[in-house]
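K.L.:
Protein sequence lines correspond, in order, to chains A and B.
At position 114 of the first sequence (counting the first as 1) the number is 114 in the working numbering, and the numbers step up by one without a gap.
At position 327 of the second sequence (counting the first as 1) the number is 327 in the working numbering, and the numbers step up by one without a gap.
Hints were generated in silico from the structure; no laboratory data involved.
Quantities reported herein were computed from a predicted structural model and do not represent experimental measurements.
Cβ atoms here follow ideal geometry from the backbone N, Cα and C, with glycine treated the same way.
There is no bait here: all hints are sound.
Negatives, chain B to chain A, calculated, CB over 12 Å: (1) L30; (2) K48; (3) K50; (4) P60; (5) N109; (6) P110; (7) F181; (8) L195; (9) E224; (10) S253; (11) F256.
For lysine-lysine, the following BS3-like pairs were computed, each having C-alpha atoms within a straight-line distance of at most 30 Å: (12) A:K152 / B:K270; (13) B:K397 / B:K355; (14) B:K73 / A:K70; (15) B:K48 / B:K397; (16) A:K402 / B:K309; (17) B:K73 / A:K386; (18) B:K344 / A:K386; (19) A:K257 / A:K204; (20) A:K402 / A:K122.
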Amino acid sequence: MKRNIILAILISLSPFFIQAQIAIKAETIYTVSGSPIRNGVVLVSKGKIEQVGLAADVSIPAGYKVYETKVLTPGFVDARTLVGISGSLNIPTDQDQLEKSGPIQPDLRAIDAYNPEEALVKVVRDYGVTTIHTGHGIGALVSGQTMIAKTKPGTVETVTIQPLCMLAMTIGPSVSGNFSSPGTRAKQMAMLRTELLKAQAYVKKQADKDSSKRPAEDLKLDILAKLLKGDIKALITANKANDMMNAIRLSKEFNFKLVIDGAAEAYRIIDDIKAANAEIILHATMARNDGDLLNMNRESAAILTAAGIRVSIESGYESYVPKTRVILFEAAQSTAYGFSFTDALKSITLNPAILLGIENRVGSIDKGKDADLVLFDGDPFEYVTKVCTVIIDGEVVSDTCK
Amino acid sequence: MLKHALLVTAFCCAGIVNGQDKPLVLKGALVYPVSGAPIPNAVMIVHKGKIERIGPAGTPVPADAVMMDVTGKVIMPGLVDTHSHLAGPDGADASGALSPDTRAMDAVNPTSDGFKKALAGGITTINIMPGSGYLMSGQTVYVKMREGKKIEDLLLINERGVYGGMKMANGTNSMRTIAGFPGTRAKSAAMVRELFVKAQEYKAKFVKAGKDSSKFPERDLRMEALVEVLGGKRMVHFHTHKSNDILTALRLSKEFGFRVVLHHVSEGWKVADDIARAGAPCSIISIDAPGGKMEAVNLSLTTGAALTKAGALVGFHTDDGITDSRLFMRSAALMVRGGMSREKALEGLTIAGAKMLDLSNRLGSLEKGKDADFIILSGDPFSIYTHVEQTWVEGVKRWDISNPADKAFLTGGYDVYGADRAEFHHHESEEGSAE
Numbered sequence: 001m002k003r004n005i006i007l008a009i010l011i012s013l014s015p016f017f018i019q020a021q022i023a024i025k026a027e028t029i030y031t032v033s034g035s036p037i038r039n040g041v042v043l044v045s046k047g048k049i050e051q052v053g054l055a056a057d058v059s060i061p062a063g064y065k066v067y068e069t070k071v072l073t074p075g076f077v078d079a080r081t082l083v084g085i086s087g088s089l090n091i092p093t094d095q096d097q098l099e100k101s102g103p104i105q106p107d108l109r110a111i112d113a114y115n116p117e118e119a120l121v122k123v124v125r126d127y128g129v130t131t132i133h134t135g136h137g138i139g140a141l142v143s144g145q146t147m148i149a150k151t152k153p154g155t156v157e158t159v160t161i162q163p164l165c166m167l168a169m170t171i172g173p174s175v176s177g178n179f180s181s182p183g184t185r186a187k188q189m190a191m192l193r194t195e196l197l198k199a200q201a202y203v204k205k206q207a208d209k210d211s212s213k214r215p216a217e218d219l220k221l222d223i224l225a226k227l228l229k230g231d232i233k234a235l236i237t238a239n240k241a242n243d244m245m246n247a248i249r250l251s252k253e254f255n256f257k258l259v260i261d262g263a264a265e266a267y268r269i270i271d272d273i274k275a276a277n278a279e280i281i282l283h284a285t286m287a288r289n290d291g292d293l294l295n296m297n298r299e300s301a302a303i304l305t306a307a308g309i310r311v312s313i314e315s316g317y318e319s320y321v322p323k324t325r326v327i328l329f330e331a332a333q334s335t336a337y338g339f340s341f342t343d344a345l346k347s348i349t350l351n352p353a354i355l356l357g358i359e360n361r362v363g364s365i366d367k368g369k370d371a372d373l374v375l376f377d378g379d380p381f382e383y384v385t386k387v388c389t390v391i392i393d394g395e396v397v398s399d400t401c402k
Numbered sequence: 001m002l003k004h005a006l007l008v009t010a011f012c013c014a015g016i017v018n019g020q021d022k023p024l025v026l027k028g029a030l031v032y033p034v035s036g037a038p039i040p041n042a043v044m045i046v047h048k049g050k051i052e053r054i055g056p057a058g059t060p061v062p063a064d065a066v067m068m069d070v071t072g073k074v075i076m077p078g079l080v081d082t083h084s085h086l087a088g089p090d091g092a093d094a095s096g097a098l099s100p101d102t103r104a105m106d107a108v109n110p111t112s113d114g115f116k117k118a119l120a121g122g123i124t125t126i127n128i129m130p131g132s133g134y135l136m137s138g139q140t141v142y143v144k145m146r147e148g149k150k151i152e153d154l155l156l157i158n159e160r161g162v163y164g165g166m167k168m169a170n171g172t173n174s175m176r177t178i179a180g181f182p183g184t185r186a187k188s189a190a191m192v193r194e195l196f197v198k199a200q201e202y203k204a205k206f207v208k209a210g211k212d213s214s215k216f217p218e219r220d221l222r223m224e225a226l227v228e229v230l231g232g233k234r235m236v237h238f239h240t241h242k243s244n245d246i247l248t249a250l251r252l253s254k255e256f257g258f259r260v261v262l263h264h265v266s267e268g269w270k271v272a273d274d275i276a277r278a279g280a281p282c283s284i285i286s287i288d289a290p291g292g293k294m295e296a297v298n299l300s301l302t303t304g305a306a307l308t309k310a311g312a313l314v315g316f317h318t319d320d321g322i323t324d325s326r327l328f329m330r331s332a333a334l335m336v337r338g339g340m341s342r343e344k345a346l347e348g349l350t351i352a353g354a355k356m357l358d359l360s361n362r363l364g365s366l367e368k369g370k371d372a373d374f375i376i377l378s379g380d381p382f383s384i385y386t387h388v389e390q391t392w393v394e395g396v397k398r399w400d401i402s403n404p405a406d407k408a409f410l411t412g413g414y415d416v417y418g419a420d421r422a423e424f425h426h427h428e429s430e431e432g433s434a435e
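Just chain A, with the same shape it has in the complex (with noise of 0.2 Å):
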């Protein structure tokens, strides 16, 4: 009896041991590292990318399950996002996104909010999300920290690929409606200030030959730390061009990597973004122009494109309906407003990739990348187009057509 069981388990587990060998025959592979590929074959072994070519080219070893597909594309990489976090029920209990005890909390970790279960994690999964950067909320100073994920079924700690990314910041109007301080933009830059002076002075401590002058372990200035030390990066929330501004002064001040999210105004500033190095997240080309977006453009990711800047396209952060957006459909929308196909297909693979520092894994299609892969009935960003499977690390999961 037990024996049965322990053979039970391991049947119903074997699919996840024994990777499945798949052969992709596609009318059109667009890898996003190069040329698109007119009847091309994507051969995938354990959980990764084994071949890429010709259909001509390629023979399909015997053993392997092949899928033919119109179109097929490398899973899509979500910029930034809140899915996982910020629950699609819109309940207090399924709104992780934003603690208000206090406005800077870095060391609050998404690790310890994600959940893999929540069901939008699986409505973006089965149109082609196969990563994302999800994390902590807009509308804190500090709101805490972000991480990358696989979109695939599993534990926190199955399908993390980094659990700590960035630091979410957050510069502009939307902090002060959650906190009794800081109530004016210069108070937010005077205590952002004061906290990042802290972590200078604690990482100089750190720094002390004598061990017995280092600080004591200090969980928020240990991120701050290593925000300073340029481990990980600053994504800073801001839409208004003057407060794009204060978040590259800030970042010049303290010598920090800067990203910037949402950037509506960034049309407005393109010199200075430059000039900073910052990196821009694109809010979602159909957010609403309200607020601090009353000013965006739906051509901003053709043009911050032309002016020479990285753009990826995010689905971001969505307080009702809908709870989330989709980066298919906000990249698809781009084209709609002076960008091409090949960049909008880009910003939500290959530049997001990079981005995040994840490119030798993820973001195209290329031999020895990670499996992570996208079937199409046809163009992927028409409307009636359906996405049909979505593979992760090499196994299918998602085979409806949506």
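Once you have looked at the hints, place chain B on chain A.
P.N.:
Positioned in the frame of chain A, the structure of chain B alone reads:
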């Protein structure tokens, strides 16, 4: 040379503006009249704000007509948005859950730049509604996207002699913990029934009085509006999501005999046959991901297919600011992705909505004698690569993508939209009440 060019421009524009006086002929487009089969390479004649004739290539045109070559373009009727919150339609307030006497027409800003969004999205007719935070938040207003300074300039009086419906809601949005509001679903229905019983009594007094005006009951704004609802003159537009709430709306409609359009209908796919059997039209919306509130977790892009297959009349709405008026055609396209037929989706954007507003006698399809409300598209209506290029209302071009000032309303940008827009106000309060 420049002067010459200006002269030409002035001449051509004058010709277009006066398209109502002289016949305007649009030649060469693929026309979807919606009332019939698509006409390739069509000739469409517009005169005095009306469609005069649509025919195949070779259809004779009046000698004095202004000719417009639209070869390669696609023309379809102006879109009908059956549910929008553009331009600040504040209806009821927290003084009560049932406010049939409030009118959106008294609140809407007729010069709102939000209407530019509608025009950029190809929308020419809108049912502007107060919010769903109340069981009955007031009278809606049917408007045409004409140029206007006052709300009267925009009003559309329908076949039944009214220019609006009655907004109702059930489910969680209209439940609150403050006095005078229901805390449960059963209480919600009981409060509505109590009000309609009173309205029936009020109406009975009129019937009893016959033509003797001395025996009419005293004027009562709340009751007067409900008598219009009971008599089928004023359509009820009922916000409802979950399948049990949908069935409650149908039950109330049956009990009191009012005509109802079901709005949102997120779980309509679960009770599609019941909806079709009741003959209730459905105004639906496409949302990119389910959730955001408890009753929206089961919404699906298959709703359009399920309802049309069951035989229900299906139209669309933006619920602007929930979805943006500029993306209205996308809503229909996503339902096509979910299995709805292209034909039903085209009808859903146009004639189906017109029927729900009792306006199908004058708009919603391109037919002789109907309002010349039409849009010129760069390509297939359901392709993401297609743009609305021009939006025409009653024979007047109201929006043109080739005009940079108009195009700015499509793309957005610095200082394009005014900071005083209040359109999203309703949804913030709705969010507050969603709990």
